[in-house]
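Peer 1: Sequential numbering from 2 applies to the sequence shown in the working numbering.
Hint data in this document are derived by calculation from the structure and do not stem from the laboratory.
Cross-link-like lysine to any residue pairs, in silico, SDA-like; alpha carbons within 25 Å at most:
(1) K38 with D167
(2) K37 with T169
(3) K37 with G118
(4) K38 with S171
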Amino acid sequence: MVIAPAAPASAGTLQIAELGVSGWQCTAVMTARLGKKGVRPLTERRSGDGTTPAGVFPLGTMTAWDGQVFSFFGNSADPGVSAGAYRRVRTGDCFGATPNDPDYGHLVQRSAAQCPGPDDEYLPAVRGAYEHAALIGANMEPVVSGDEVGETPYAAAIFLHRFSYDATGSTRPTAGCVSLAHDDLLAVLRALRPGVLFAIGTKDWLLANV
Numbered sequence: 002m003v004i005a006p007a008a009p010a011s012a013g014t015l016q017i018a019e020l021g022v023s024g025w026q027c028t029a030v031m032t033a034r035l036g037k038k039g040v041r042p043l044t045e046r047r048s049g050d051g052t053t054p055a056g057v058f059p060l061g062t063m064t065a066w067d068g069q070v071f072s073f074f075g076n077s078a079d080p081g082v083s084a085g086a087y088r089r090v091r092t093g094d095c096f097g098a099t100p101n102d103p104d105y106g107h108l109v110q111r112s113a114a115q116c117p118g119p120d121d122e123y124l125p126a127v128r129g130a131y132e133h134a135a136l137i138g139a140n141m142e143p144v145v146s147g148d149e150v151g152e153t154p155y156a157a158a159i160f161l162h163r164f165s166y167d168a169t170g171s172t173r174p175t176a177g178c179v180s181l182a183h184d185d186l187l188a189v190l191r192a193l194r195p196g197v198l199f200a201i202g203t204k205d206w207l208l209a210n211v
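Build the full structure now, drawing on both the sequences and the hints.
Peer 2: Shown next, in the form of structure tokens:
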């Protein structure tokens, strides 16, 4: 559960909730960073608008350019995930995020020079934030809106990853992902189980729409 205190907020909380014989049990509250412009329902979102998509999403699954199917990735070794396969980032890993391009929302093979920002992301170059990450299945394979001309590009490259920091050491908002402190991220990634769902939004919006 990723809860924003208000729609424009760029910081919120994350908890894992698990249903057991005694009912729902929640972990301790963790501080999370959200999009720099807050949260917005996925169908109202547009790629690059700086918001984190609100809704309930599965753990994403993606097929890389070399055929590997994965749900987690990172520039560091597998930290011990069990909810899906982990991909160690490789030279040439480019996450396409240019709207209405066939590579939008897909992991393709390109050189760093051929994977320019601010839209496309060359994963080997994002060593800090993408130390480890999970795919949040918002507008993700197998059906990606925005990878053909005329389609609405709702979202691409929505991940759960590590905090980024500014020059003063303060945490930074994301471009639309959800981020956590290093230790919190490791704990969450290791705790995720097959079938996990990400509920993202304000509490009132989630209660009214989910």
